[in-house]
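Using the hints, position chain R against chain D.
Read off the chains here:
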Amino acid sequence: MDNTVSVSKEKIDLIKEKAKMSRLETIRLVALAKSGHYGSSFSSSEIFATLYYKVLNYDPKNPKWRSRDRFVMGKGHAAVGAYPVLADVGFFPKEELDTYTQVGSPFGDHPDMNKINGIDFSSGSIGHGLSVGVGMSLGARVDNENYRSYILMGDGELQEGQVWEAAMSAANFKLGNLVAIVDDNKVTVDGVTGELMDINPIKEKWKSFGWNVVEVDGHDVEALVETFDHLPSPGSDVPTAIICDTVAGKGVSFMEHGYEWHVANLGEDDKQKAIEEIKGGF
Amino acid sequence: MGTTTFHKDTWELYKGMEMSKQLTAGETLVKLGKEHPEIVALCADLGKPTRLWDFGKEFPERFFNFGLAEKNMVTAAAGLASTGKTPFIATYASFLGVLAAENIRTAIAYPNLNVRLIGTHTGIAMGFYGTSHHATEDISITRAMANMTVISPADGAALSELIEESVKTYEGPIYFRISRGREEPVYRKEASEVQNKIGQANILRDGTNLTIIACGIEVNEALKAADQLSEEGLSVRVIDMHTIKPMDDEAVYNAAKETGAILTVEEHNVQGGLGSAVAEILMESGINCKFKRHGFHDEYALIGKPYYLYQHYKLNGEGISEVSKEFLNE
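Sequence order for the protein chains is D and R. For the first sequence, my numbering begins at -17 and goes up steadily by one. For the second sequence, my numbering begins at 15 and goes up steadily by one.
Chain D with its partners taken away, still in its complex shape (with noise of 0.2 Å):
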């Protein structure tokens, strides 16, 4: 297997320093709501961040562009971190993002398909997204088309039931252009995921359904890069589940593995804290 990482060491730090933005803008964007999601936006943070800056592919002046990968969040309520991607890459001006959830505002806690240029599918019910992208990856063969349809799933979400449906079913359709990336950062609203309802072990489970699995330090850029520029081809015929170990509210310490942090909104004093450990990185 050819390990050898596809790009240079300036994209890489390009990508860790957009995470680092999504991650400020994430905290400049809950305060105009006071209350938002900054853990799973957080733990998310790196996985954007290679999306949009090397592995998909898009038309921000043609988002409707038949051709292009789709991304579909299946934990939505982390587009709070993805908007500010989907703005810096051109798909709407920055200043919109001004408007965050205040009224009439395209841009809502949950992403909407109708009103947002970058979104492919509008989420926020979690567990949907994963039929989505089985959907649209059997579309794309209906169409030949080449592209693939990346779905990101918190680890929460696979206590969906829908999940393992979904799951069951692309591996049926022999679905090669389908890849589900799990954000396991290990805690819900109420606490820590395998405590509340295990849904260990995660790797076998997805193997069982018979998904290609890769494991990877999902706040690893390099490491990132690597696993996608080694997918099978989307002509081929087992989908592939990314398993991303990361850490809800990566970046700030004293969010860092709190489930306290899914939603909430920092005081003054914490705010500035957190800006500048984020500044810092890590």
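No lab work stands behind these hints, which were simulated from the structure alone. Incorrect hints may appear among the rest.
Straight-line C-alpha distance at most 30 Å; calculated DSSO-like pairs for lysine-lysine [what the hints assert, rightly or not]: (1) Lys46(D) - Lys48(R); (2) Lys203(R) - Lys156(D); (3) Lys62(R) - Lys46(D); (4) Lys62(R) - Lys156(D); (5) Lys259(R) - Lys97(D).
Relative to the frame of chain D, chain R by itself:
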């Protein structure tokens, strides 16, 4: 009624499937499929009752059987629609409009996608299979979803015409509610002119003493009732309100003004169904009119063979005729 022979009391699934060629969804889609490469069909282990199976035989690459996983099927249809397809889903109404309601609401109705849902074996068509297989809530549920069009065609010919219109000119999600495929025809299958148009009620009999507004298989029973009542000197208008949402308001206004009495008939809970929809329009119109809803009155049906159940609940021609007379004498 086709060539199959069976005693009128017979009720078993296989016979039902055999007869359901009348429902014509599959046959119609095979015809449309050649000109419309965007049509795809999805089922959940029940492809035969609406003959979506036929579409699958003709276009195997555009037919997907999801097994017993309705929520996944409905949501995957939404994903397919987002890539420009027009997915048709068919399964029993109890497993579609009821079981998968949240998926229909969130993944199809809210994003306003071109998915066509066909709920079959509605009402008490499944007879002694019991409440799990009955669907007497699906009109209420789907009608409450913004963007959703709700259609209950009277027979196979009507379904066929409405499907064709939906593929050629209609935008947005549609919930079709059809029965078990053993119904006597109301419309001519090979008619040269279009007999059913989305959103336009059909006045099948004119009358002056009473209007019966029905949908689905109750249209034919309403016609039988009108015939019986006419022998007793009553002039009854029969309206096929196949499109429950958006409803043909004018047809309701005119019936209220011209006949002064409206009876709605549906094999559905009267809470939130056709009767409720007509009542809402009537009440807001300010037109004074006698009004009654006939159907299930907030109850789960007994189990039994459908033939007897329709009799028991006065949802056959004779029963509707009785209910009409009682209503007019109230």
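Pair hint outcome, lysine 62(R) versus lysine 156(D) [Cα-Cα no greater than 30 Å]: holds (24 Å)
Restraint check for lysine 203(R) with lysine 156(D), where alpha carbons must lie at most 30 Å apart: violated (40 Å)
Agreement of lysine 62(R) and lysine 46(D) with the hint, judged by alpha carbon distance not exceeding 30 Å: This hinted pair is violated, its Cα atoms lying about 36 Å apart.
Restraint status (C-alpha distance of lysine 46(D) to lysine 48(R) at most 30 Å): Status holds; Cα separation ~26 Å.
Pairwise hint evaluation, lysine 97(D) against lysine 259(R), where the allowed Cα distance is 30 Å at most: holds (26 Å)
Against the hints set out earlier in the document, violations occur for numbers 2, 3.
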